[in-house]
Amino acid sequence: MPGATPRPFGDGFDEVADEIELSMRDRNLPVDSAVEKIVVDRGEITFHVRREHLLEFARMLRDEPALRFEMCMGVNGVHYPDDQDRELHACYPFLSVTHNRRIRVEVSVPDSDPHIPSIVSIYPSNDWHERETWDFFGIVFDGHPGLTRIEMPDDWVGHPQRKDYPLGGIPVEYKGATIPAPDNRRAYN
Amino acid sequence: MADVTYTTTATPGEGEDIYAGSYETTEGTIYNLSGGDWDTIEVAPEGEKERLIVNMGPQHPSTHGVLRLILELDGESVTEVRCGIGYLHTGIEKNLEFRSWVQGVTFVTRMDYLSPFFNEAAYVLGVEKLLGIEEQIPERANVIRVMMMELNRVSSHLVALATGGMELGALTAMTFGFRERELVLDLFEMVTGLRMNSAFFRPGGVAQDLPPDAVQTIRETLPLLKKRMKDTTDMLVDNAIWMGRTVDVGYLDLQGCMALGITGPVLRSTGLPHDLRKSQPYCGYETYEFDIPTQTTCDAYGRFLIRIAEMQESLKIVEQCLDRLQPGPVMVEDKKIAWPAQLAIGADGQGNSTDHIKHIMSQSMEALIHHFKLVTEGFTVPPGQVYSAVESPRGELGAHVVSAGGTRPYRVHFRDPSFNNLQATAAMSEGSMVSDVVAAVASIDPVMGGVDR
Numbered sequence: 778m779p780g781a782t783p784r785p786f787g788d789g790f791d792e793v794a795d796e797i798e799l800s801m802r803d804r805n806l807p808v809d810s811a812v813e814k815i816v817v818d819r820g821e822i823t824f825h826v827r828r829e830h831l832l833e834f835a836r837m838l839r840d841e842p843a844l845r846f847e848m849c850m851g852v853n854g855v856h857y858p859d860d861q862d863r864e865l866h867a868c869y870p871f872l873s874v875t876h877n878r879r880i881r882v883e884v885s886v887p888d889s890d891p892h893i894p895s896i897v898s899i900y901p902s903n904d905w906h907e908r909e910t911w912d913f914f915g916i917v918f919d920g921h922p923g924l925t926r927i928e929m930p931d932d933w934v935g936h937p938q939r940k941d942y943p944l945g946g947i948p949v950e951y952k953g954a955t956i957p958a959p960d961n962r963r964a965y966n
Numbered sequence: 012m013a014d015v016t017y018t019t020t021a022t023p024g025e026g027e028d029i030y031a032g033s034y035e036t037t038e039g040t041i042y043n044l045s046g047g048d049w050d051t052i053e054v055a056p057e058g059e060k061e062r063l064i065v066n067m068g069p070q071h072p073s074t075h076g077v078l079r080l081i082l083e084l085d086g087e088s089v090t091e092v093r094c095g096i097g098y099l100h101t102g103i104e105k106n107l108e109f110r111s112w113v114q115g116v117t118f119v120t121r122m123d124y125l126s127p128f129f130n131e132a133a134y135v136l137g138v139e140k141l142l143g144i145e146e147q148i149p150e151r152a153n154v155i156r157v158m159m160m161e162l163n164r165v166s167s168h169l170v171a172l173a174t175g176g177m178e179l180g181a182l183t184a185m186t187f188g189f190r191e192r193e194l195v196l197d198l199f200e201m202v203t204g205l206r207m208n209s210a211f212f213r214p215g216g217v218a219q220d221l222p223p224d225a226v227q228t229i230r231e232t233l234p235l236l237k238k239r240m241k242d243t244t245d246m247l248v249d250n251a252i253w254m255g256r257t258v259d260v261g262y263l264d265l266q267g268c269m270a271l272g273i274t275g276p277v278l279r280s281t282g283l284p285h286d287l288r289k290s291q292p293y294c295g296y297e298t299y300e301f302d303i304p305t306q307t308t309c310d311a312y313g314r315f316l317i318r319i320a321e322m323q324e325s326l327k328i329v330e331q332c333l334d335r336l337q338p339g340p341v342m343v344e345d346k347k348i349a350w351p352a353q354l355a356i357g358a359d360g361q362g363n364s365t366d367h368i369k370h371i372m373s374q375s376m377e378a379l380i381h382h383f384k385l386v387t388e389g390f391t392v393p394p395g396q397v398y399s400a401v402e403s404p405r406g407e408l409g410a411h412v413v414s415a416g417g418t419r420p421y422r423v424h425f426r427d428p429s430f431n432n433l434q435a436t437a438a439m440s441e442g443s444m445v446s447d448v449v450a451a452v453a454s455i456d457p458v459m460g461g462v463d464r
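Order-wise, the sequence lines are chains A and B. Residue numbers for the first sequence follow the working numbering, so the first one is 778 and each next one is one higher. Residue numbers for the second sequence follow the working numbering, so the first one is 12 and each next one is one higher.
Only chain B is shown next, with the shape it has when bound in the complex (with noise of 0.2 Å):
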């Protein structure tokens, strides 16, 4: 490209529009087209090859938040794809580095939107794994941990059926799933009284018990879940248009999936069941029963598949879940970790539990020191780095905690997997009709949330 020049020229001719123009490069006469002017454009000279370059967003209702998509079309189809990126990104790692270990919960939960959970238990099981305390987590706590990130991942899926639909048309799609959804977070917000982001897995634990009436409101909620999943799934799963939408679009076989770092749905639509909660078990996963649903398509239908029998296993995890948990304390006993407060719901809907506060302000001077250094200063951890990884929606999600020893992390950064497998775009779609971008995009289900952090 060195051998290319510009030459423009200083003003603009007679009857010349100076926002959209035209300049001469060795390659040829390149336009600038702003919209509203497509007859004043002379068509390209005969014998020369004309290339259109579109950006698809990043304000675009089909891409999946604020990704930009850069096409180089030959007429529909598309023969090059570059993705732009960052248009979200928010800092996160860095501002870690200047909170306590737990304020970091509040931050992670933030990156991919869709999946706090498994945000949180990624960070979570890095600091203690540092900490060495994963044999202290109580029972309870990694109950609760389990069915919570599995009630994610069904919400997460829902996500993905629903927007992905969207974008290829199928709006009804959108509503169930949207839905549905709705139904899951009714269960976050009355487990974690907040409905994203909620910042509900700490180190040693989890920040509260479940309310008295959980188990009984999640059973109840169960069975309607699945009902509707079914109405979602039978529109879709032998629908003729859906699947003239995404067989065999957005191929991508087992060894570009392993070139490129590919892991979740995307991977096992290649025939291979790889899934951490199998192969490097975390939370006690490998207690509970559950397959690894896979497809040998390699396209978006077989990836859309995954994530409905995906969903399926997860509320088999979560009845699992209900009927092994057993009262007991959902933090590590070590009250030099151990966050000193319950929360409680006081007249003005939140508040630390008046019997914690009638302690630390009336009985134990040393109670409420210890309260005092533990919310201010926070614990310190040993020095050293890990990497812990779970399995989210999207495929493996790694967060590399680093240690120097002080009260704040001295650097943590997330492998996500959104980030990861838009990567594959390219491979996906190029060579495809623009209509097939879209679809292939949809099936990677990347949140720019997490892509940008």
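With the rest of the complex left out, here is chain A (with noise of 0.2 Å):
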């Protein structure tokens, strides 16, 4: 994956880069701590920020003026079994309809500790969002008015959208010739 970006970023994202550092700066946030990295990439700019301050890193993206991210589009898992003690990724993408503008936070944690603060307080859209991401992750989104399964039926057992959670199926027989299930096949990767 492509790593960290050093500035100038280009395309206006040095100017969204810095209202967001200044407004950091205005809250007390600690802005080399709190996000570990910016990447930009195809057109886009991604925030890593550590978990510890993304309820705070939130609440300033949607209340600055200067910001005014209004809507979370939700939030997404990707799990990384390779990434050491960084396995499980959460991506949220917010839009700014006043600035007409988009950005990424992605928050990484250990597969052995699965906890991320919950920011449906202050995202109401991201309740069932949250709740999908437990269910096919395990992420557990700390203070959530109620982190159950929303997809899959209540009593699951594991998270299918992992990557050690295997797909399934049969093999198939067409004219006398066996095809095997899809995560068997053969993979180019």
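Be a bit skeptical, because a hint or two may be false.
As the list claims (entries may be wrong) - For lysine to aspartate or glutamate, the following DMTMM-like pairs were computed, each having C-alpha atoms within a straight-line distance of at most 20 Å:
1. K238/B - D197/B
2. K289/B - E821/A
3. K327/B - D302/B
4. K814/A - E792/A
5. K940/A - E108/B
6. K814/A - E833/A
If you're looking for bench data, these hints aren't it; they were derived computationally from the structure.
Reassemble the complex: the two chains are provided individually, in unrelated frames, and hints are given to aid placement.
Here you go:
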């Protein structure tokens, strides 16, 4: 995956990064330790935020007039089993209608301690999205009003979107030849 | 709730129904009803609050598919609403991780089955962004994409009116809506071969060029579509019964929409002209002339008017597309990405172009190897992640596409507008009548295939 991007970012991203840095200083958020790195890639900017500061960071995104990210478009998990102690990533796309801007906030947590503070108290729209991410990845959103499964049945065991969870499926016989299940077919990766 | 205890008698007493019995909790007696036993149920003791919890759905004609609404009722008014979803979860996102990038289109088109072209668009725009080939998409492919998406918006809104009308008892609206939609589906069938779930957009362009008589047929269909759409809207716009059921029903103001992340017609019914086709254009939308209809009523009737106006605007865009269609390629030039074959209709109604087969089977060994590699293995996509959003008929449809550098997606997540907007059900309908819940849900227009994916 692309690593941290040095300044200048270009594409108008310096502006939003500056405003975020200024607002963080206003709110006594430690700029260096709260934001691990900033990645600008393919016309999108990603702020990697440490979970300890996520709540304050999200509140700042919503409330600061210069930022005004009115909407959080949910949260989505990605499982990187090889990323030591940062196996589970949660990506939050934010949209500012006022400034017509998008940013992504990414929070990484270890598989052994999959806790992230819930931002439902700031962005109520994330209620179902956090439930979905819990359901599929097992990330626990602390402070969520009712963190239950949403897509899978309540008594389901496991979190299906994780990479260590098999796809399943059975081989199919067609005209005498046997075609293996999709997860057993040849991969070229 | 922790202090509530439940005690049930181990063996039912004489004359007691084992399936529809009652049990004591510290909150009072709870009666289970299974139908037909109303006479045998005792009325709740005087002075105690009577609460009735009703499951509406998942199999219910007015829940728009397999949506389950858990309603807490006080008489005829609703005090609490919860949605139960997941009945149509098919694991599409997981399946995508085991197929090539091109095969992914066939899966995502089945998510929100009423707007398949938008699912495809969000996905292929994401893949193209990862590949860095957005600028190389041929003009003709973009025009065809816009045309198909706008025709799809019309067909999707027609179903919204049709099923919404049916749920409120306007059955003629349903027959009219589905009849008009059929005209659009016939166009889809002519262009892509399939009425729904076409898998027509591909990373790099579209699967094949328009058939020779397509422009002519679409041009001839548009006036009929307009005329019939007018019949449908005339029937409902000033209809006293329709207005009685929808005006001031399902109220959600701008603040509520922002907090709940609502987009699409529901957001535009609060007066905010937010539309990604204007604010963050893709596929060349900035070059088309169209308006963003808004209303300020924040209610179900306003959303209905917006859908009607949006259909008119969509037809305007389709006309502009027809005017600017110029001959040219419909797939990127890069042979490492472009699907090698064009499709052609053989004697059996399907197949690859005979010219292409002749070329790879008898003229060029390299072309055969290339074809084989690209079709079985697929192309690789450089590592990275993107979020590509399109304005679907229901709001912002976003695809978060992650590549680890392989020939298969590492992770694809769809932020479906139906999924997000359904969260507004409680805010729209708590405190209203049971019948207004139906109108509110219909005005959100959720598609469960998209909600559950």
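Results of checking the hints against the structure:
no.	hint	in the structure
1	K238/B - D197/B	holds (17 Å)
2	K289/B - E821/A	holds (19 Å)
3	K327/B - D302/B	holds (10 Å)
4	K814/A - E792/A	holds (16 Å)
5	K940/A - E108/B	holds (10 Å)
6	K814/A - E833/A	holds (17 Å)
In terms of the numbered hints stated before, the structure departs from none.
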